[in-house]
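Asker: Sequence:
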Amino acid sequence: MTGLWLMKSEPHVYAYADLVADGRTHWDGVRNYQARNMMRDQMKEGDLVLYYHSNTKPPHVAGVAKVVREGYPDHTALDSTSKYFDPKATADNPRWSMVDLEPVVECPTAVSLETIKSDPLFEGMPLIRRGQRLSIQPVEDVHFRRVLMLAGLDADDVMGA
DNA sequence: GCCAACGTTGGC
DNA sequence: GCCAACGTTGGC
50 MTGLWLMKSE PHVYAYADLV ADGRTHWDGV RNYQARNMMR DQMKEGDLVL
100 YYHSNTKPPH VAGVAKVVRE GYPDHTALDS TSKYFDPKAT ADNPRWSMVD
150 LEPVVECPTA VSLETIKSDP LFEGMPLIRR GQRLSIQPVE DVHFRRVLML
200 AGLDADDVMG A
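When you read off a place in the first sequence, starting at 1, and then add 49, the result is the number in this note's numbering.
Do not take every clue at face value.
To be verified - Okay, the calculated beta carbon distance ranges per label pair: (1) Gly201 - Asp128: 37 to 45 Å; (2) Arg179 - Thr105: 13 to 21 Å; (3) Ile177 - Asp141: 36 to 44 Å; (4) Thr105 - Gly180: 17 to 25 Å.
By construction, these hints were calculated from the structure, which means they are not laboratory data.
Even for Gly, the Cβ is constructed at its ideal location relative to N, Cα and C.
Kindly produce the complete structure, drawing on both the sequences and the hints.
Answerer: Written out as structure tokens, the structure is:
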């Protein structure tokens, strides 16, 4: 069973196009325990990710990515020159985790938050819950497939029938 | 362990 | 730029 996730990124910081250009990235800088725990304990190689652009107009799902390396220490926590430096992190206890991602496919049509909110099928999805700030969220199969459909993608192609 | 102050996220 | 909703910090 493939795990399904949504991960937020501000496109002016690191957009889906940047992931495509880089071919692969470390998802570093997450400093929230809930999000860390999901990366450290639950995300598995091959899991699929909706790549969500936050803090932009309009906010939207831009593409699909996949997990290519499971949770391991986020070394930026130990780097005093990094903006993600955490003085409480040590080599023995790095505190924070990250995963590696690769792009799968860009959405032919970006799926806006408004589109998701206006579709009753998405009722109950954490993304549209008021005050939901978590930058990594689990996504239900039915929601994942619907986003792909709205993006103009074939869910069976992307997810494997 | 409580809780006020503060910082961050992220839609609007 | 505003502000609601949280999460974190630190004094007590």
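Asker: Measuring from beta carbon to beta carbon, are Gly201 and Asp128 in 37 to 45 Å?
Answerer: holds, 40 Å
Asker: Holds or violated: the 36 to 44 Å window for the beta-carbon distance between Ile177 and Asp141?
Answerer: Hint holds: Cβ distance 40 Å, inside 36 to 44 Å.
Asker: Do Arg179 and Thr105 keep their Cβ atoms within the hinted range of 13 to 21 Å?
Answerer: Given a distance of about 19 Å, which is inside 13 to 21 Å, the answer is holds.
Asker: Range first: 17 to 25 Å. Now tell me if the beta carbons of Thr105 and Gly180 are that far apart.
Answerer: holds, 19 Å
Every hint, counting from the list given before, is met by this structure.
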